[in-house]
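Novice: Here the protein sequences come in this chain order: D and E. Our numbering puts the first residue of the first sequence at 592, with every later residue one more than the last. Our numbering puts the first residue of the second sequence at 10, with every later residue one more than the last.
Since the hints were derived computationally from the structure, they do not count as laboratory data. It should be emphasised that the depicted structure is a prediction, and the values quoted were computed from it without experimental measurement. For each residue, glycine too, the CB sits at the ideal point set by N, CA and C. Take the hints with a grain of salt, since some may be wrong.
To be verified - Some chain E residues judged to face chain D by a derived CB distance under 7 Å, without partners named:
1) N59
2) L73
3) R82
4) F84
5) S85
6) F161
7) N163
8) Q165
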Amino acid sequence: MGRYDSPAALAALVQPHQVHRDIYTDQEVFQQEMKHLFANAWVFVGHESQTPNKGDYFSTHIGTQPVIQVRHSTGDIHVLLNRCPHKGTKIVIDRQGNTGKFFRCPYHAWSFKTDGCLLAIPLKKGYQNTGLEETDSGKGMRSVGDVKNYRGFIFARLADEGMSFEEFFGKSLSSLDNMVDRSPAGRLEVVGPPLRYMHHCNWKMLVENQTDTCHPMVAHESSAGTAVKLYEELGLPEDAPKPPAMEIIAPFMSPYEFFEGMGIRTWPNGHGHTGVNHSIHSDYAAIPGYFEALCESYGEEKAKAILDENRHNTVYFPNIMIKGPIQQLRVFIPIAADRTVVESYIYRLVDAPDELTARTAMYNRMINAPTSIVGHDDLEMYERAQEGLMVDGLEWVNIQRLIEEDEDFEVEAVENGTTERQMRNQFHAWVKFMTMCQKTEAAE
Amino acid sequence: MSVTRETLIDFIYDEVRMLGEGRYTEWLDLWLPDGHYWMPLDYQQTDPINQTSLMYEDMFMLKLRVERLNGARTFSQKPKSRCHHVIQRPFVDEMDTEAGRFVTTTFMHYVETRLDEQQLLAVTARHELALVEGRLRIANKRVDIVNCDAAFRNIQLLP
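Just need the whole structure built from these sequences, with the hints factored in.
Specialist: Written out as structure tokens, the structure is:
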């Protein structure tokens, strides 16, 4: 019996205005997250353009579970657990490839159709009358509980039973819609491999930071502040084109009032976004030909409405963030209580000018690379927090900025852009999905 | 100045020593104003613009990077990182003395350390050099990390 194997013990880690440090530091809590939260929630797997042709596969993780996203012979995308049902050997090791019409385990050559069904076993007579077909091993590669392809983005729920995709995301899908609608063809395509960045901290610190609007001007003063200073020293006329670093990095130095006015919206089940009214992406220069292409596809009114959204970071609970205006998606992959790998993907807007892809690639490398002067200070803050949380006697982490009495996270809300409501919203959802099937089990 | 193979090789040795000793003002002065420091993300990547790289930095970004290292509120550099380069003798791949254009390839082991951590990167550096007003300058530099697809922790200084 561990300390955290009961729903009550887990729920007690979250109070309205604070959360217990074990949520970030305790390996048992982490294991419970993998068992419950990452099984009950709808978790991002990949984009369909990573597996465009039949037999194409892409290997990744849902929580700590190795999975394969694969394009089946019918054209549908399946998500299979990456394990041979025989002895456990991982079926694919490379990050992507094409397996043809079937997967073949490299150990004993059991083979499986690309929907996971058992196809053949060499020397099958050895299993005659053994009852293999009654066992889990005889049923082929196991699929996740449910899969949804939403406008090209593949999400999966590990648990066989649970909340539907539509209920889980609700109106929060408007952010994904806006990102996809920015393509005149209504379609995105992944561009190159993701940046991969190792952090020695808990995955939730990264997720919380996506809607933390009180840190950019502090933690990033050394990069964004220095950029502004260097630019001023150049003494260029006001209408001269700005260096790219100014357009991308300098807005991080915007004052508190800017972030307050930007607004934060929260949706049920832990989703939310910054940048309701404007954001650090609002003032990017127009790209010639882009608006015209959008108008041709959607008409001028809808094209304007699409571009008027400048949502900054949208968090899809539990572990991704998207930036609609620049077609970026970051996934925070939990490895252990104090280990997280961040993968930062960018997408091309099909039928839009290449300059938009170039700006997205620039943003990705300037802000989110392990070589980024902005990323360096974020990682420093997370890891100092991970170490600082080991201080005994002060065991709670404060999340009460702009808290209101009896907050209801089951309804959509728009608040001041410096509220920590979205962090509280995430923890409300955390308790919900951590204790969901445990309650069902208890009721049975 | 007449450029020989030895001049080029000495130039590369001098450059990594500047980086190792943190003499960044001198190092920035080696560059031509329109040069780019490129560190690809993908193995054998050909496009620095329309695909993500680890770095693709013009002189403004490189100056910003160097200036930031000495800032009072550069938290990830308190304490500062240190680095060390061990290079093989550079290959001279192209030598057009008439046009004053040269290309070298250098294999090196790059070590970066801070606090109790130290990381070792095996890298290949490709320099495009140009003879301008009697001085060798860096026109472009490409740095390929052999395990470019690995999940790195912070890389804060420069191979």
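Novice: Hints the structure violates: just list their numbers, smallest first.
Specialist: Violated hints: none at all, because every hint is consistent with the structure.
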